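Number of protein chains: 2
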Amino acid sequence: MSEPRFDITSLQNDRVKDLVRLRTRRDRDRAELTLIEEPLVIERALDAGYPLQTLFLCPPRIAPEHKELVDRLLDVVGLECVRVNEPVMDKVSYREQAEGLLVVAPQVTRDLASLDLGQAPLLVVLEGVEKPGNLGAVLRVADGAGADGVIVCGGGTDLFNPNVLRASRGAFFSVPTVAASLDTVLEFLKSHNIASVATSPVADHRWDEIGLTGPTAIVLGTEHEGLSGDWLAQADLTVGIPMLGRGDSLNVSTSAAVLLYEAVRQRSSRKADPT
Amino acid sequence: MSEPRFDITSLQNDRVKDLVRLRTRRDRDRAELTLIEEPLVIERALDAGYPLQTLFLCPPRIAPEHKELVDRLLDVVGLECVRVNEPVMDKVSYREQAEGLLVVAPQVTRDLASLDLGQAPLLVVLEGVEKPGNLGAVLRVADGAGADGVIVCGGGTDLFNPNVLRASRGAFFSVPTVAASLDTVLEFLKSHNIASVATSPVADHRWDEIGLTGPTAIVLGTEHEGLSGDWLAQADLTVGIPMLGRGDSLNVSTSAAVLLYEAVRQRSSRKADPT
Chain A
1340 MSEPRFDITS
1350 LQNDRVKDLV
1360 RLRTRRDRDR
1370 AELTLIEEPL
1380 VIERALDAGY
1390 PLQTLFLCPP
1400 RIAPEHKELV
1410 DRLLDVVGLE
1420 CVRVNEPVMD
1430 KVSYREQAEG
1440 LLVVAPQVTR
1450 DLASLDLGQA
1460 PLLVVLEGVE
1470 KPGNLGAVLR
1480 VADGAGADGV
1490 IVCGGGTDLF
1500 NPNVLRASRG
1510 AFFSVPTVAA
1520 SLDTVLEFLK
1530 SHNIASVATS
1540 PVADHRWDEI
1550 GLTGPTAIVL
1560 GTEHEGLSGD
1570 WLAQADLTVG
1580 IPMLGRGDSL
1590 NVSTSAAVLL
1600 YEAVRQRSSR
1610 KADPT
Chain B
1340 MSEPRFDITS
1350 LQNDRVKDLV
1360 RLRTRRDRDR
1370 AELTLIEEPL
1380 VIERALDAGY
1390 PLQTLFLCPP
1400 RIAPEHKELV
1410 DRLLDVVGLE
1420 CVRVNEPVMD
1430 KVSYREQAEG
1440 LLVVAPQVTR
1450 DLASLDLGQA
1460 PLLVVLEGVE
1470 KPGNLGAVLR
1480 VADGAGADGV
1490 IVCGGGTDLF
1500 NPNVLRASRG
1510 AFFSVPTVAA
1520 SLDTVLEFLK
1530 SHNIASVATS
1540 PVADHRWDEI
1550 GLTGPTAIVL
1560 GTEHEGLSGD
1570 WLAQADLTVG
1580 IPMLGRGDSL
1590 NVSTSAAVLL
1600 YEAVRQRSSR
1610 KADPT
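So the protein lines, in turn, are chains A and B. Going letter by letter, the first sequence gives residues 1340 to 1614 in our numbering. Going letter by letter, the second sequence gives residues 1340 to 1614 in our numbering.
Isolated chain A (complex conformation) (with noise of 0.2 Å):
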């Protein structure tokens, strides 16, 4: 006899029924669990060592450019694979059309000591940011200017979204990432040399005003409230961002990319050349 090809091909299993409780917060965080469904972002966790626990595995929804990603997941030590069939990878995926992949991973959250911090740290501070999708926005900017963490501060964000980790195209596991209070932010900063850059409409500078070379902490406040009045009175500096048009705001991951590559270019050793 041979061996089933699925381990699980009814939808009324228990553990298709912990899957889809995994999509709301409130289980997820009870479960210290995230999912990772996107082959890329699974990809990219794998390439930065993130641990992982459980593939679920639909092989006939298996395209031919992800079977090398498969035999990647099949050879970490540790893994659980269940193969399921179609009906239940559909039922399971939170997205639309259903890649056969999977992946559950604990919520490895870190704290501000853990930061690895160069000589010259470029990080994101950002204050109240609700949407998963604006967060994992920032994360992916932040990967490619550079810099070494973004810090989530007011609470309430739900950093282990699969939402986050989708936006962010995998960089969530590149780019540390740290929950934090106001008070625990601003102590860090100070007590590491790093200048607090809080981004407002009504600023003192220009975002291209500012030396930028240095340890940096840019503060991004929410698009509809901007920063509160604590991060305003305590940063180092205010910056602005000139609205030339009819808006009156960025989206804060636009806002991110004008002054983490601002930052970038002050940074780099190859001077503009305007011709």
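It should be emphasised that the hints constitute simulated quantities derived from the structure, not laboratory data. Treat the numbers as computed from the prediction; the structure is a model and nothing was measured. Accuracy of the hints is not assured; some may be wrong.
One copy or two, it doesn't matter: identical chains are merged, so the pair holds either way.
Derived DSS-like pairs: lysine-lysine, alpha-carbon spacing no greater than 30 Å straight-line [said to hold, decoys possible]:
1) 1529 - 1470
2) 1406 - 1529
3) 1430 - 1470
4) 1470 - 1356
5) 1430 - 1529
6) 1356 - 1529
7) 1406 - 1430
8) 1406 - 1470
9) 1406 - 1356
Dock chain B against chain A, hints included.
Same frame as chain A, now just chain B:
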């Protein structure tokens, strides 16, 4: 007898069915109409003098902070107002929480010749952008940076998708948006002496090494494919944004933000003064 409070209370009303149909592109394009729903976006359309055809209004849903907007709308000459009850509003709204306003507006298409170009125009050309949210996000940052227009090229883009308007936060109405073929765009740029600056991961220059103070069109491709060979071969310059982390690209709106604000920086008379 008092006037009836609502013009439409039946979900079976033909106008309700017509409105629901406008959620699909085919029906929007056939009717040459689009839908605007967020109060802020409606306000921007009003500010820009964009023609509006019909206002579907659900008075019980109007929040106090939007009453002034409703008054402005009711003053617009030629704008039909249809009062609907809450079940009808929920049915026609494409948002989860209908806020009591939905405006039907004509699709006003523009061509390149209609662009109002100053001495040193700053344009964005997007090739093959598919997601309405991405186009909207680019429009928002183009508005912030004071760009003179966004040209969408490569066909297929659903310019009047309500999600373009929404994601743009109304910048769709302040930044002229034009669809045109590659050949038409190239000819237009050449005839107006506008330098095309194409982004590429294998570029000749860093983004901050080239002059962006003259007439400039920043050309961006899709995240997955990048720009086509045609654009890369025919652009005047290619520039790259360094990717210093693990990811290999930025989102198109963050790429646009980095390049557009580098142009703003260079064009500003105030000089950067890194300390």
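Now for the hints, and whether the structure bears them out:
no., hint, result
1, 1529 - 1470, "within (28 Å within a copy, 42 Å between copies)"
2, 1406 - 1529, "neither (48 Å within a copy, 46 Å between copies)"
3, 1430 - 1470, "both (24 Å within a copy, 25 Å between copies)"
4, 1470 - 1356, "within (26 Å within a copy, 32 Å between copies)"
5, 1430 - 1529, "neither (48 Å within a copy, 53 Å between copies)"
6, 1356 - 1529, "neither (47 Å within a copy, 60 Å between copies)"
7, 1406 - 1430, "within (22 Å within a copy, 44 Å between copies)"
8, 1406 - 1470, "between (33 Å within a copy, 28 Å between copies)"
9, 1406 - 1356, "within (27 Å within a copy, 46 Å between copies)"
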